[in-house]
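Colleague: Here are the chains, one letter per residue:
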Amino acid sequence: MNRKLKNNLFYTSVGVAVLVCALILFFLFGIIIWNGLPAISLDFLTNSSSDFGATGGIVYQIFGSILLIVFAALICLPIALGTAIYKSEYLKNETANKLINTLIYSLNGIPSVIFGIFGLIFFVNLLNMGISWFVGSIILSMMILPTVTLSTYQSINSIPTVYRESSSALGLNKWQVIVQVLLPQGFSGAITGLLIGVARAIGETAPIMFIATAFSGVKLPSSFLEPVSTLPTHILALAQQATNPAALQNAWGSSLVLVILVIIFSISALFIRLRHQTISKR
Amino acid sequence: MLGSTSKIGKYYVYGSTLISAFIVFLIFTILIISSWDAITTVGLDLLKFQWNPATGEFGIIPMLFGTLVVTFIALLIAVPLGIYTAIFTSEILPSKYRFIVKSLLELLAGIPSIIFGLIGIAFFSIWVQNIFDLQSGRTIFTAGILLSIMILPTIITLTDDAFHNIPDKYRETAKGLGLYKFEIIKEILLPIAKPDLKGAILLAFGRALGETMAVMLVIGSIDRIPSPIYNWLSPGQTITSKLGREIAETSFGSVHFSAMIFMGLLLFIIVLILTILSQNSLKSNRRLYE
Amino acid sequence: MAEKALKPNLSVVGKTQNEIIEIKKFQVWINENHILDNIELKIPKNEITCIIGPSGSGKSTLIRSINRINDEVSGINTQGEICFNGLSINEKDVDVAQLRSKIGMVFQKPCIFPKSIKENVLFGIQHLKKLSKLEKLQIAEENLKAVSLWKEVAHRLNDKAISLSIGQQQRLCIARTLAIKPEVILLDEPTSSLDPVSTRAIEDMMVKLKEEYTIIFVTHNIQQAKRIADNLVFICDGKLIEQGSAAKILSCPTDPQTKAYLRDEYCDC
Amino acid sequence: MAEKALKPNLSVVGKTQNEIIEIKKFQVWINENHILDNIELKIPKNEITCIIGPSGSGKSTLIRSINRINDEVSGINTQGEICFNGLSINEKDVDVAQLRSKIGMVFQKPCIFPKSIKENVLFGIQHLKKLSKLEKLQIAEENLKAVSLWKEVAHRLNDKAISLSIGQQQRLCIARTLAIKPEVILLDEPTSSLDPVSTRAIEDMMVKLKEEYTIIFVTHNIQQAKRIADNLVFICDGKLIEQGSAAKILSCPTDPQTKAYLRDEYCDC
Amino acid sequence: EKKQAINIAGSTSVLPIISIAAEEFRKNNPELNIIVNEGGSGVGVNQLGEGKIDIGMVSRDITQEEISTYPNVTFNPISIGKDAVVPVISSEIYNAGITSLTLEEIAKIYRGEVRNWSELGGPDKEILVIDKEASRGTRHVFMEIVMGDKEAIAEGADLVLGSNNEEQTAIVQSDAAIGMLSNAWLNDNVKGLNIKMLDGSIIESSLKNIIDNKFPITRDLLIVTNGKPAGAVKDFIEYLLSSEGQKIVEEAGYVRIN
Ligand SMILES: Nc1ncnc2c1ncn2[C@@H]1O[C@H](COP(=O)(O)OP(=O)(O)OP(=O)(O)O)[C@@H](O)[C@H]1O
Ligand SMILES: Nc1ncnc2c1ncn2[C@@H]1O[C@H](COP(=O)(O)OP(=O)(O)OP(=O)(O)O)[C@@H](O)[C@H]1O
Ligand SMILES: [Mg+2]
Ligand SMILES: [Mg+2]
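Protein chains in written order, with my numbering: chain X, 165 to 446; chain Y, 8 to 297; chain H, -17 to 251; chain W, -17 to 251; chain R, 18 to 275.
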């Protein structure tokens, strides 16, 4: 009976935790939608911004944000997958494993503003690449690298040994085992990591505002070495400096659009994950 | 031909790992070079309590203190909340809803930190101000709460994955022995998932340490250790909020700039030390389940 | 029909006519597949009931239903009733954990926990009662001896159980279930990975145990059924084909399907 | 000593004296535990060699060494040599993937991939050669028939393989290994979860297959060994106790340990 | 073919003016591209020094250090407008009767010597003293005039904030706050204090007083070029200083020069 009571208590506390999370979720989204929705219109989504954000729309900001993040994901994914596979399948040495862990976690602990400064010193000043969206993508990919790597590693590493043994007994070489058996499974983890990473990176201002973005005056970039406008830097500028209430309203509208972008990413990832076959746990 | 794909694959994973490692070393090197000025000219005076660039005082202790306290509060709230919620999504919720609920919660991670900051100012700081009857709700505590919400999705989703990766046979077998769900979770799932949980918490810790915009807007930005020291309902400063507020205005190459970078380096080192300390539980390279 | 076959047999054996488990019109679907079709079955107390049948016929599904382990399989749908000591187990308010501690189960694939050998044996029981250190050791020894694993592991009780061979793991799983002292023990091919000596030891133990427990034993080894079964249940393709006293069915099965299935084994001996 | 016992026997059987696998002074330690001790063994081509022995004696460890699956077990240490077609397999420059495609293996615990039934059968072979769609279907059918699973799954080849019962899974695993057409097939208790009918079908197939393949078969079922083995190897506690013609060992084992082990089974039949 | 472009970056407080002006200017010069970015005064000076931009926006003085870092660059600051920094208080305090203070009284509050509004004849409420980031141009002028040193430390500060919007929000949220704001951000909830001069006269923080240079706390909004501007850059700066450009300055809430 005592055990049963404990069990019920446990269920209750789980319920409370879920309730709190749900409340937080709905509260935050409620506020963003409540404040942002009035600003949204077709014009807002298809026009360029003018009058310090008070009129016009945010089409180039949306484009810039997507461009930055898509390239960041493209740059990050292969490196993260490779590192995760190495860590899970090739690395035997305990010391080396610790070293890699340390590297990955400490990369994760670098504040985003430091990434910005690093980008400024290294890419813009040392390599003289100028203010360019591509540098921004590189910096963002560095930022999300640890999350994606660890999440991929976790799901590859949790595949039971029998699967590796069974497939190598069928004559698959190590790389085929990785591609055929481990990667499909690790894929789901990579998506999770990428999603958290991308969701984080798309809203970042500090790392890109010195090296990759412009507030106004840019449209679609025609090369890798031009700045773009992005949603978070736009929001930041408006929220900090706009006196016009219309501009502040548009800042909320931009936030809503940013969140919707993340939602779209999540939903597509959801479909990828649902379609994806994972090793059953039966 | 078979051999060659294996070889290319091997080069690829070695290469990726080298790139990852190189990135960290590169950043580390740049941080050290950029903060060298401060280390040599200010030296031990960095460990003082006064920060005033005009008079050449660069004491970082208040910022360090704020960073640690804010992160502590954030973890204190987010870790239990996140783990309990992850238990719900992976162990209690029917699996067909799991992805949906999980994806919903992951959306929390998609709220940009500047928005968190604005909401923090408009609501959380007002609540704190009213509940505790303070002069101002921009406090260390408020920043901690805000930060806990920001790291919540990381903890939830990684913990959920860790639980989900545990084969069902453990649950079935434990059930077959007449255990209640909470016993199964406590005795089987948590121990098995522990290395991954530590990893998730460490990741969240890193994110909490490095979060800039939201914290900057709600913490009050006073370079001061609260008095008494446990009065976390007073404004303070974290390293990141300091960086966020000041770095763009400093002139590169100055001692001021260098001292700022030194604080970034310090965060890096804190995470480094913590990772090394928790290494013993992170060596999950050994696979648990046969 | 099935009941008729069972009852006379029971009275012949001279046991009380006490059915501990009664399965009534039980049906199972998984994702539209009809896995079990209209099962009617009574399990007498303190006897060994063997369930035999071809691979994939639904044996595991049936016994997994008896302690409601199947509950959480996705896409599962059941109909009918299973009674334990006269009470339906499918009611909402049944405490499943308690039910399962009374109806212990050994699974087809051995699954040991990432803990030491000793902790694995004690895993279930120590949640049911408080145990002193001495009692723990006693229980571990007693049950490991019962599955004849004691000699092999006595010197390394605190080693990780994962390092045992598969057969050793399987015996460990049996010991773990015995330790919780359930009323009914469900065993799903518990000796599939065991050598004859250990198999025999387990069989002997089962025969001893039926004084106190009721045993339901899934096996594909008809030799084994012959050695230990009091009652036999033959399942084929989700249907209960024949049930009754083991002696009777093995010597003269009435159903042609049973005959065909048993013949193949018998011509061998 | 072991060699002496083997050679005369081989000539008696009248086969060419062609040993496809030769194990010389082979030892295995895992984390300081001495698992296999000084194994000397020759496996003749185109015959079935059964390995028997109590649970935990090291049978799996031995056959897992033959195709180097054990390589990546942590803490393992080996000594001695295993030769396949006269070449040592433990050399650094051996292409293990190729080796394993020549020495196929079926594991003790069935492990199927999260793919369809058909994809599971083709999983190995399609990496070794390019197959047309028709060939794929042919190979799947042929090998599923060989393990007598075709009838049960023919209508749902594209279903997830995970939904099969354990016995079905085990047969699927055998089919998958047959599909790669190795020279040697290692089977680790492949029929442990099978009913007698499917077991018999597999055994028949093994006997047929030995025309083309060399088969090493670990079993704890002495009946089974009796039915199919040409040669028998008895392992106990990591040591090779006796080896030789199956007929000879089963009828008059020389070693007292073997006698004791076999007796228990024999008194039953 | 690449379009001609002017790159501008730097202080966020000058950003709105330049951004809108660039937009207007391009209407008459569509072939010219003007890329404007934020980043802060430091970024403005550095990127100008590195030659990455043509115009830097700066809301503080250029330091000696910066000048010596870039010996090849002649920093040429140009004022494009004026900004009055007004001490502001919560409307509750204003309505309770405190409508003007002397500079010395304000200094005492910031030095932490006066901690309660009652000491100044107001309600019995502790003062929430809101300071600004040390590097902000707004603070430099404010401290210069009020405390006599542009980098003076405000011992009494309870909060340090950055942008005008942040400061404005904080003052609205409190009922006992004092802070400093550009006059563009004043409204009913955020009242500008009138300054009581030493001779007893009271100077309102009205636009007229600021234009007439009567209000004591003002600063220049600066842009910086490397040497004398030329070409398109020169045209743009001329536009900024023209009456059209000055109208934009006014619309952004600042004060036109001359
Ligand atoms: N990874 C390991 N670490 C430590 N000991 C191990 C490990 N793997 C196997 N052993 C031990 O080696 C011995 C032989 O194991 P193996 O699996 O080869 O036995 P087996 O003959 O196949 O038994 P079974 O018939 O039960 O499968 C056992 O005593 C086992 O406990
Ligand atoms: N989750 C599932 N989804 C779909 N079909 C399933 C599922 N589980 C079992 N089945 C099917 O139900 C049938 C009965 O399965 P069950 O595991 O009960 O067989 P079994 O008699 O225990 O066989 P074995 O002796 O091989 O273990 C099989 O045909 C199997 O394919
Ligand atoms: Mg079964
Ligand atoms: Mg084995």
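Each hint should be verified, as a subset may be incorrect.
The list that follows gives simulated cross-link-like pairs (lysine-lysine, BS3-like), each with its CA atoms no further than 30 Å apart [unchecked claim]: (1) LYS14(Y) with LYS112(W); (2) LYS230(H) with LYS168(X); (3) LYS338(X) with LYS6(W); (4) LYS170(X) with LYS111(H); (5) LYS190(H) with LYS241(W); (6) LYS163(H) with LYS170(X); (7) LYS176(Y) with LYS241(H); (8) LYS256(X) with LYS14(Y); (9) LYS115(H) with LYS168(X); (10) LYS167(R) with LYS383(X).
A partial selection of chain Y residues facing chain X, derived with a Cβ cut-off under 7 Å [what the hints assert, rightly or not]: (11) SER11; (12) THR12; (13) ALA28; (14) PRO101; (15) PRO119; (16) ILE156; (17) LEU209; (18) THR282; (19) LEU284.
Hints are computed from structural coordinates only; laboratory data are not their basis. Using N, Cα and C, we set each Cβ at its ideal position, and we do this for glycine too.
Colleague: Would the hint on LEU284(Y) stand, with a C-beta cut-off of 7 Å toward chain X?
Modeller: violated, 10 Å
Colleague: Would the stated hint for PRO119(Y) survive a check requiring a Cβ distance to chain X of less than 7 Å?
Modeller: holds, 3 Å
Colleague: Any CB of chain X closer than 7 Å to the CB of THR282(Y)?
Modeller: holds, 4 Å
Colleague: Against the 30 Å threshold, does the CA-CA distance of LYS190(H) and LYS241(W) hold or violate the hint?
Modeller: holds, 27 Å
Colleague: Tell me if the straight-line CA distance from LYS167(R) to LYS383(X) falls inside 30 Å.
Modeller: It is violated: about 40 Å lies between the C-alpha atoms, which goes past 30 Å.
Colleague: Hint check: LYS176(Y) vs LYS241(H), CA-CA at most 30 Å. Holds or violated?
Modeller: violated, 35 Å
Colleague: Would you check the hint for LYS256(X) and LYS14(Y), treating anything up to 30 Å between C-alpha atoms as holding?
Modeller: holds, 18 Å
Colleague: Can you confirm whether the C-alpha distance between LYS338(X) and LYS6(W) stays at or below 30 Å?
Modeller: holds, 27 Å
Colleague: Has the given pair, LYS170(X) with LYS111(H), been kept, meaning a C-alpha gap of at most 30 Å?
Modeller: holds, 15 Å
Colleague: Report holds or violated for the interface hint on THR12(Y), using the least CB-CB distance to chain X and a cut-off of 7 Å.
Modeller: With a closest approach of 5 Å, the THR12(Y) hint holds.
Colleague: Against the 30 Å threshold, does the CA-CA distance of LYS115(H) and LYS168(X) hold or violate the hint?
Modeller: holds, 24 Å
Colleague: Interface hint check: PRO101(Y), Cβ to nearest Cβ on chain X, cutoff 7 Å. Holds or violated?
Modeller: Violated: closest Cβ of chain X sits about 14 Å from PRO101(Y), beyond 7 Å.
Violated hints, listed in ascending order, are 2, 7, 10, 11, 14 and 19; each of the other numbered hints is respected by the structure.
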